[in-house]
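Peer 1: Sequence:
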Amino acid sequence: MLAAVLSVIWVMMLPQLPYRKLLLFGLFFWQLGCFSQSSNPALPLLPRAALRHDFDILRQTLQEAHPGFYWYSRKDSLDRFWDHQRTFINQDMTRLEFFKLLLPLIAQVKCVHTRLQLPANLITNPFTSLLPFDFLCQNGRLFIRRNWNGEAYVGAEVLAINHVETKHILRTLLGSIPADGDNETFKFQRLSQGAFREGYALFYGQPEHFTIQVRDSTQPQAYSFPVQALSPKRLVANQTYPSPFLLHFRQNTAVLAVNTFEGNTAQFQDSVATLFQKIQAKGAKHLIMDLRQNGGGANDNVSTLYSYIAAAPFRHLRKAERNATELTYRQFIANAESFRKRTDIPVSEGKYLVNDQYAGTSWKKPADQTGFRGDVVLLIFGQTTSAAAEFAALAHYLKRATIVGEETGGGYYGATGGSYLTLKLPHSGLEVRIPTIRIFMAVAEDYEHQPKGRGTLPDYPVEPTIAEVLSGKDIPLEKALNLLHP
171 MLAAVLSVIW
181 VMMLPQLPYR
191 KLLLFGLFFW
201 QLGCFSQSSN
211 PALPLLPRAA
221 LRHDFDILRQ
231 TLQEAHPGFY
241 WYSRKDSLDR
251 FWDHQRTFIN
261 QDMTRLEFFK
271 LLLPLIAQVK
281 CVHTRLQLPA
291 NLITNPFTSL
301 LPFDFLCQNG
311 RLFIRRNWNG
321 EAYVGAEVLA
331 INHVETKHIL
341 RTLLGSIPAD
351 GDNETFKFQR
361 LSQGAFREGY
371 ALFYGQPEHF
381 TIQVRDSTQP
391 QAYSFPVQAL
401 SPKRLVANQT
411 YPSPFLLHFR
421 QNTAVLAVNT
431 FEGNTAQFQD
441 SVATLFQKIQ
451 AKGAKHLIMD
461 LRQNGGGAND
471 NVSTLYSYIA
481 AAPFRHLRKA
491 ERNATELTYR
501 QFIANAESFR
511 KRTDIPVSEG
521 KYLVNDQYAG
531 TSWKKPADQT
541 GFRGDVVLLI
551 FGQTTSAAAE
561 FAALAHYLKR
571 ATIVGEETGG
581 GYYGATGGSY
591 LTLKLPHSGL
601 EVRIPTIRIF
611 MAVAEDYEHQ
621 PKGRGTLPDY
631 PVEPTIAEVL
641 SGKDIPLEKA
651 LNLLHP
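Sequential numbering of the sequence shown, starting at 171, is according to this note's numbering.
None of these hints come from the bench; they were simulated from the model. Incorrect hints may have been included.
Said to hold, decoys possible - When the alpha-carbon atoms are kept at most 30 Å apart in a straight line, the in silico DSSO-like pairs for lysine-lysine are as follows:
1) Lys452 with Lys489
2) Lys403 with Lys534
3) Lys403 with Lys270
4) Lys448 with Lys521
5) Lys337 with Lys403
Working from the sequences, and respecting the hints, build out all of it.
Peer 2: Here you go:
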């Protein structure tokens with residue numbers, strides 16, 4: 171499963187991965203540095219005609235198989251963008267150049283589960299030289315959260331790196347990271363958790379030294395300083411993973427962190443039942459549920475967890491559907507049989523209804539005895555995606571929880587995922603994971619208060635400043651506690 175992180179623009183949400191979502195720095199661009207132009211000047215060129223053929227195969231297959239290809243974009247607008255990108259294939263290219271040309275196209279599908287990667291047999295070495303900082307990326311600004319070479323400059327805002335303005339770097343990286351719809355909180359979270367470091371290496375190279383221009387409170391004017399690059403081995407040695415569940419109590423309030431919906435559904439059910447038995451035994455009057463580190467998982471587990479706070483019978487999905495189109499390039503799809511024609515389901519407007527694959531489309535009763543009936547506050551973040559975003563949308567729509575934090579990274583009205591095709595482009599060898607199921611949340615479409623293409627919007631937005639982050643205080647949790655104990 172670790173191979174799934176290689177050359178991935180989006181690794182957090184792979185449905186087969188367990189809760190260890192922050193693999194090897196929590197990155198999008200892991201192990202692409204071995205293909206930087208500076209370290210590999212003799213990369214072989216691929217013929218222009220062959221790359222255009224790969225381009226056309228990718229486009230056709232996405233249109234046929236991806237049920238949300240035009241969900242968030244007008245067809246004429248997205249088609250023009252693909253046409254425009256194709257004009258840049260005007261000469262022979264390396265695989266890496268072609269890869270980078272395709273990244274914005276994958277991002278414009280606006281689906282967090284769609285990913286592009288280099289063939290595994292080409293990925294032999296990790297990055298060699300990275301920016302020696304952990305960053306906080308917020309609303310188009312970049313701050314130094316940690317300096318791996320010492321304590322200096324922590325908290326400073328980065329204005330430029332090697333004489334390239336931060337805003338230009340961010341524009342490139344943000345345009346290469348897919349997210350559900352028009353969401354940005356997810357992209358900023360991923361950049362804050364390592365993707366900025368690797369993305370810079372991919373697009374701007376891996377020098378042994380950097381010149382950093384910053385602005386902070388120590389000097390009235392912006393200033394620059396040199397810094398030595400960081401070996402990625404130090405990052406691997408310091409990587410930690412969250413536990414799937416964490417429960418503690420603050421006075422008469424239970425604070426339950428659910429960091430994944432992955433895992434066997436029976437085991438998940440047993441774990442949740444045990445946790446809520448403990449909450450009941452403690453006599454907790456209030457519950458804070460923390461999904462800020464939850465990147466999703468099994469759809470069934472969403473219904474299981476929600477049943478423990480449900481006030482009435484519910485279902486969390488309205489329907490699930492799949493394209494009924496035949497695949498033109500089946501010979502290049504490793505698991506094309508999974509997209510076979512179904513004769514047991516009628517086709518409506520070019521779609522199969524596949525509710526039989528999703529238990530969430532059925533009604534479920536609240537949990538008996540140990541179900542929690544008190545006040546609930548839900549903490550969410552840009553990292554709250556996929557199945558976790560479904561939980562947040564359901565709790566918001568049914569008004570079962572007060573929502574605190576920032577907009578979820580996953581969409582409010584649904585997502586594409588579930589079952590996947592693996593397309594291998596015949597000339598470049600690039601591989602594309604294409605989701606084939608579109609799920610619709612059991613929520614009303616109210617675009618005035620909950621815009622299309624956005625995640626669940628919090629009732630109480632809380633975005634910690636760089637100073638608050640460095641202080642170590644959990645500002646969103648403090649806000650939740652203050653709401654329950656004014």
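Peer 1: Now tell me if each hint is right for this structure.
Peer 2: Hint-by-hint comparison with the structure:
1. Distance check on the hinted pair: Lys452 and Lys489 sit about 38 Å apart at the alpha-carbon level, beyond 30 Å; violated.
2. Between Lys403 and Lys534, the direct Cα distance comes to roughly 47 Å. Violation of the 30 Å bound is thereby established for this hinted pair.
3. Simply put, Lys403 and Lys270 have alpha-carbon atoms about 25 Å apart, close enough for the 30 Å limit, and the pair holds.
4. Distance restraint check for Lys448 and Lys521: the Cα-Cα separation of roughly 45 Å exceeds the 30 Å cut-off, and the hinted pair is therefore not satisfied.
5. For the proposed pair Lys337 and Lys403, the alpha carbon gap of about 29 Å is at most 30 Å, so the pair holds.
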